[in-house]
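Protein chains in written order, with the working numbering: chain W, 597 to 985; chain D, 597 to 985; chain A, 597 to 985; chain X, 597 to 985; chain P, 597 to 985.
Simulated from the structure, these hints should not be mistaken for lab results. We put the CB at the ideal spot given by N, CA and C, even for glycine. Be aware that a few hints might be false.
Stated by the list, open to error - Non-contacting residues of chain A with respect to chain P, defined by C-beta distances greater than 10 angstroms in every case (computed):
| hint | residue |
| --- | --- |
| 1 | D620 |
| 2 | N684 |
| 3 | M729 |
| 4 | K731 |
| 5 | D735 |
| 6 | H738 |
| 7 | F763 |
| 8 | E802 |
| 9 | R845 |
| 10 | D846 |
| 11 | E886 |
| 12 | S914 |
| 13 | K935 |
| 14 | G957 |
| 15 | F973 |
To be verified - Below, simulated DSSO-like cross-link-like pairs (lysine-lysine); rule was C-alpha separation at most 30 angstroms, straight line:
| hint | chain 1 | residue 1 | chain 2 | residue 2 |
| --- | --- | --- | --- | --- |
| 16 | W | K713 | W | K748 |
| 17 | D | K713 | X | K826 |
| 18 | X | K685 | P | K779 |
| 19 | A | K685 | A | K779 |
| 20 | W | K685 | D | K779 |
| 21 | W | K713 | A | K685 |
| 22 | X | K826 | P | K826 |
| 23 | P | K829 | A | K822 |
| 24 | P | K822 | X | K822 |
| 25 | X | K731 | X | K748 |
| 26 | D | K822 | D | K713 |
| 27 | P | K748 | W | K935 |
| 28 | W | K713 | W | K731 |
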Amino acid sequence: MAYKSINTSSAVEKQIKDDDSYVDYFYDAPGALPGTLDLEPDAAPPEIVLIDYCETAATRSQLTNPQEAAAYLDTASVSWVDMLGLGNKETWRQMGEVFNLHLMTQEDVVNVPQRPKVVDYEEHILIIAWMVMIKPNSDKFHKEQVSFILGKHYLLTVQEEPDYDCFAPVRDRIRKGQGIIRKHGADYLAYTLLDSIIDGFFPVLELYGERIEELEDEVVVRPTRKTLEKIYKIRRELLTLRRAIWPQRDAINVLIRDSNDLISPEVRIYLRDCYDHTVQVMDMVETYRELSSGLMDVYLSSVGNKMNEIMKLLTVISSIFIPLTFVAGIYGMNFNTEKSPFNMPELNWYFGYPLCVTLMGTIASGLVYFFWRRGWFENFSTVKDDSEK
Amino acid sequence: MAYKSINTSSAVEKQIKDDDSYVDYFYDAPGALPGTLDLEPDAAPPEIVLIDYCETAATRSQLTNPQEAAAYLDTASVSWVDMLGLGNKETWRQMGEVFNLHLMTQEDVVNVPQRPKVVDYEEHILIIAWMVMIKPNSDKFHKEQVSFILGKHYLLTVQEEPDYDCFAPVRDRIRKGQGIIRKHGADYLAYTLLDSIIDGFFPVLELYGERIEELEDEVVVRPTRKTLEKIYKIRRELLTLRRAIWPQRDAINVLIRDSNDLISPEVRIYLRDCYDHTVQVMDMVETYRELSSGLMDVYLSSVGNKMNEIMKLLTVISSIFIPLTFVAGIYGMNFNTEKSPFNMPELNWYFGYPLCVTLMGTIASGLVYFFWRRGWFENFSTVKDDSEK
Amino acid sequence: MAYKSINTSSAVEKQIKDDDSYVDYFYDAPGALPGTLDLEPDAAPPEIVLIDYCETAATRSQLTNPQEAAAYLDTASVSWVDMLGLGNKETWRQMGEVFNLHLMTQEDVVNVPQRPKVVDYEEHILIIAWMVMIKPNSDKFHKEQVSFILGKHYLLTVQEEPDYDCFAPVRDRIRKGQGIIRKHGADYLAYTLLDSIIDGFFPVLELYGERIEELEDEVVVRPTRKTLEKIYKIRRELLTLRRAIWPQRDAINVLIRDSNDLISPEVRIYLRDCYDHTVQVMDMVETYRELSSGLMDVYLSSVGNKMNEIMKLLTVISSIFIPLTFVAGIYGMNFNTEKSPFNMPELNWYFGYPLCVTLMGTIASGLVYFFWRRGWFENFSTVKDDSEK
Amino acid sequence: MAYKSINTSSAVEKQIKDDDSYVDYFYDAPGALPGTLDLEPDAAPPEIVLIDYCETAATRSQLTNPQEAAAYLDTASVSWVDMLGLGNKETWRQMGEVFNLHLMTQEDVVNVPQRPKVVDYEEHILIIAWMVMIKPNSDKFHKEQVSFILGKHYLLTVQEEPDYDCFAPVRDRIRKGQGIIRKHGADYLAYTLLDSIIDGFFPVLELYGERIEELEDEVVVRPTRKTLEKIYKIRRELLTLRRAIWPQRDAINVLIRDSNDLISPEVRIYLRDCYDHTVQVMDMVETYRELSSGLMDVYLSSVGNKMNEIMKLLTVISSIFIPLTFVAGIYGMNFNTEKSPFNMPELNWYFGYPLCVTLMGTIASGLVYFFWRRGWFENFSTVKDDSEK
Amino acid sequence: MAYKSINTSSAVEKQIKDDDSYVDYFYDAPGALPGTLDLEPDAAPPEIVLIDYCETAATRSQLTNPQEAAAYLDTASVSWVDMLGLGNKETWRQMGEVFNLHLMTQEDVVNVPQRPKVVDYEEHILIIAWMVMIKPNSDKFHKEQVSFILGKHYLLTVQEEPDYDCFAPVRDRIRKGQGIIRKHGADYLAYTLLDSIIDGFFPVLELYGERIEELEDEVVVRPTRKTLEKIYKIRRELLTLRRAIWPQRDAINVLIRDSNDLISPEVRIYLRDCYDHTVQVMDMVETYRELSSGLMDVYLSSVGNKMNEIMKLLTVISSIFIPLTFVAGIYGMNFNTEKSPFNMPELNWYFGYPLCVTLMGTIASGLVYFFWRRGWFENFSTVKDDSEK
């Protein structure tokens, strides 16, 4: 028995359902039999598509079980066995036989997600990669594991989810014989698919670039609680992207330097290009991480600024009216003016009230002038300009 | 004489009793005899369980003292000597003889906790590892040191605490002959146990993942002082996990690269898988650390936001009622209206009071409109929405 | 088909149009044919300038198509083919033939921007560099990619934008035979141009140095919302500069260490100097980044300081007038003095009012003295001094 | 002439006197003669203790001058020359002769503090280490430099301060012949002393662990200005410890790897253990540094929280009483009720006053209910619970 | 033509004039001729001092032009040519000839400041170093570039500014034949001067240590706006020191490892000591940087603390007097007591006023007790204690 970490907490699961941004790795129950595959025994068998091509022709067929693939593997033509979904235990018993897979390899492929890596088994090479893409008609991103088994004349790819992939243009090219793809071997095919996966990070990053752009305005002009949540969410998701791309770079680097001759020197040149793209993705992820952490600082400052403006308003109003109210309070005292000429004689003056009002007006004007000199009112208009912008 | 750091301060001890999260290393009193074992001479002898198995059979026996193990060590069958608890000095005198242990090794095994590491003594290999697990029926995590002495045909494991371990499934597998465990040697057994230990980190991490998830909501919607304490506590405990997993990775790496032929090439392949899991644990620890440090920023901002809302309320109420009170104060002045027509004639007007009330109403409406235009009231309702969510 | 990341969002595009500070890398549509050039088939052909020189003479000619360059490439004289603008697909079909360019090279040169790098193709070396410069009559900076193809006797440079470059002094020197440039080969020419590009970073950095200098005053004396935006903007733009200069350093380092004999030992000495300049640029970028992040801290503190001063003003005024108003309120109560000698007899005292005013004066003076002792008024004058400075 | 950095400023000196936590390195006056020893010519000669031992016997003698040691150095027995205090120039003239010390070595030993390091002079090895310990009956820590000169059959140790050291247990062991110390050479003695020094860091660190523990409570429940000072002080002192332990690790590593055969392979095994302890010390220092920097964040948040509570109190009281005072102000206006039926007829109503009081009560209850609904009062009681805890 | 970055902005220049703390590197105008020296053609020739010494004698002479030095360079005696000031173009034409300097070397020496580095030209070694010193009678620090050309029997030093250097003690030692300087070659002389330069960093650092010490008090007890500026200034200046010392360490390391036999093995031992000092300087710079960044945190907290105290005062005064004023307001209402027995009968009670005053006293005492219980007054006295300290 094995657990998938995402199953334990419904809260976590909801999160993942939501946006696929919270990635934990698969792990065995402590003490579980190494090599246990986390599959339902009665799950439906996966769809398996075989594309077999050489320079002059390409055929596509749907396989009903892995054993049908056996005949193609050692022929000179390139056989791309594309498995959509993880299948069931029976599938893997057969896969193990046909492709001669170590138990450890099967575990890495089936118990998803694993950290991207490359393992060289001499006879074939295992490549674990993560594919991200923006879901059609949505601004959420989808993440799944794609595993490659690269042999001499074949490439096996296993996709976690059958619904999404970014390989359609490659299939097209094989079918139509576009470019040089049909002139090269399985290693070139593996490169092409890896390259598609890396290129798939860019549109996702672009989305984050735009979101950060929007937040840059929002955070200065109208920072709200929602802004804060958005910044935090972007930081968390970039953390996931980062965790996906760093080991991918290492994996591609291993491929380039690996001494196994399953990969030809020419394809290594192409892989170097793919490596450069991976570095560019990392560059952008790091840049966005820095930007979003800068946004948090700006947010904090904006909150402080806003408080200053609230306090200024309170202070202006209080400072003007509290003294005036005191003056009015004075003249509301009930000292008996008849008992003594010292007891508030001003109440009986002919110009008592006008003088009092004048006094109040003078105090108010003085305070207003005081605040105006210090530039407190300018600020208020600035605020207005900003919000009307 | 030797001290255990956790004994000095009762506060520290309480902390450890609580949640095992505050780990200091064992240290000798400065100048103490190297090789001094920190054991009570009169402590009870530990429970020692011997599991001896080959491909066809497995026996389990309880040993009363270490010397009984001597007979099994050089036989071709694999002997797993599992010592539960650290025992007393007499135990270790015998252990030293039976297993031919260097004084330094004994110290590392007995004076817990030591930093995870691997030391190769040619004839056997010492592996120090840290095991964490969630205590049953609790959300606290338990941490203890497990030491391995891997010889040609035997494996000695010493567990700090007899009560907890995660080796039950392995014992089961040996008894039932499941998997390939009985076909391999002591090195495979050591790998299996190490793998169980690493896999034991995942459920603990998952717990932290969930706590962080909960805090993410709490920190934005209802940040209280308790939230702050929780964030700090998570950061502190992740620091402990990090201190446990980093050296463990180095240790496993040493095992993989070590030239000692006590570890067969095939088991090295398995260890590589174990290494990958360790890296995954590290990845998650680092991710959670970043998330929790992001939470602290969010908390700070939330505190500021909350203050802004408190201040807005104060400002709205003060700004509306202070001017009105001033107006009321004016008409409460006692100027003698009989002495002069200038002295508050409005008090004697026919519509004096209605006009005054109208004036007040106008002022109040004007201010309410002013605040409404600036969006201060929207915010209040936002707050309400949030808290009702 | 290929996308340029800057095309997707009009917001992003506007940003770039504005100040060229938001650099994303070019990327292929996932799954696109490797080697697809992102060019309009019907774009105008680029202007191509050929400068051919040896120690004794230099000629300059305008080419109408790349094939005209073919005759010059293998002659002993140095041929600098300078392509201004990226041209169209037809141009590149011819370029590929004439200069024998790998499809991957063409992609790197045309699909801008790429990360700066050096790729050695034996027969020629590809150098990708980023050029920044301050636009004339403006304080914005312009950024474009310049690609070099360095062969035995020729240098091909491809500039993204025809309008700006910093090579005019080099052209002058070739024409006039100044310095040693006409005595050396194409490798020295490549060095000279690279050096111009690196030196072009300094004036841009100087601009940032000045801006930070100005902000240092502003942030302490008159921090406004605009200040915050400026600091954030500088941080973002320095991030871009940093992303430009780090890989450039690596690229130059590769050039120095590369074993290809297209670069002579003497030119390697010059490149080492160029490398030193690159490190100086990096030093300054990092310094400015630290300074600007320090400015953010200062800004936050200044906001807090300002609030303290606002609060002090409010507190002083409230603390003085609220108690006084209370006293006035006392004597405004309407207890019937005739019913009892205990009911506010002071209203009928001969010196009632003067005593009351004295009381108020005493309270006010006491509070003023209290605040003065605590140094609250000093602060106000400090503020004044600052703002008059 | 040479300066000791601690002499220049009396403030610094006071600091050091206080808690030994502010460590600057020794430095020569710029341009001073290299090899100048910073000693008073007329200082008292140091106490020099010679412990000479072999497997069967150990003698201890007090030397009056270094030359008496000369006779012991080349004998087969191990001679430990322990110099307490730095002595005067005459001492060092003799030391230089007897132990054949390079001028640079003398400078490193005498001009304290130097950065911990190991220098191999073939004939002997110089080891500079820092010893920290808690002063008896105090919670301050003491720091001094201990220098080792390890020769074939002798070990010279020079202690900066005669009053403190942690070598007493080692002396005891030599005298009593405990353990294996008398069976080994001078290299084992050097290891034993180094190990004592490293173990001496643990009790100091433990003290910091406890202080941080205490601050964790204080910072949440009762954060005051003193708390802030304590956190800063801990951070500063941990910085010093860190500066002491990092180079010590490097130094021990050099010892282990050094090819000089003054150190036997067996002692290298012991040194590896000592190295592990050093790494444990570093681990703890880094952990405490992270914790204390987390405390600073918590402190900042607590200050904000406290302000929120103060503001809430002010807001609750102001919001309730300001409107009520306004109502009272209304009915304190002096409109002439006789002039018109519109002029405050309520003053003459039979139930005027009761109605007014009811109105006030309603307003007050409404506001109290409003604040209660928003949970403002819960918070107050929380505060109380906390402070009574 | 070449620009010096400090010339462009008068603000920057003023800064530099002020305290020499704002260091930008020299850069050529983009595209300028490599090897252009930034010198006025009509500047005065520099003062050139030649000190020629061997073990038995030392002579000092003033040279009128570089060519006079030529005769000394190849003699067995050590010739130290010390050039004070950068001179003019004519000087350098001659220097180039006499010392056989590469154009690149001349540029590095003349176009100051350059990053510290070491370049080995076989026949001589170029060393660029930065010298800092505290200006006499001032607390500002002076920074200039000193360049060394180390040949077989000569050392050329070029100082940017003739007015300051720290070489006087070395000159003295040569003249008097103190120490071993006259027994060694030019390499030892170079070491001695480099060592003087490194030792010159310590007094500057000590100054910063003291300033930080002072700020530690200031920031907790009396944080003002000036404190903030001081902290920021220290951070900025430490950044400069750091930029000076890091490459210097690398340069010295290169010298130690360089295979050129211009540096004898014995001098390499001395250089190792010099390297250790450089590391100590770096240690202190990093420590001070951490401390000053900790100070910024403390400052922020102090600002928050101060606000809390201001708010407490406001809250105490408001909370006490606002309710009392309300009570007074009640009894100031003009309800007609004659119309109804319910209309404020208390105004006519015999003990009405005393009861009212008692009520007010009770409310006030209750509130004072409430605040006292929460410890608000303790805090005020704490503040007082602090400021009287």
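Task: Hints breached by this structure - done: Hints 3, 7, 8, 11, 12, 13, 17, 19, 21, 25, 26, 27 are the ones this structure does not satisfy, whereas the remaining hints hold.
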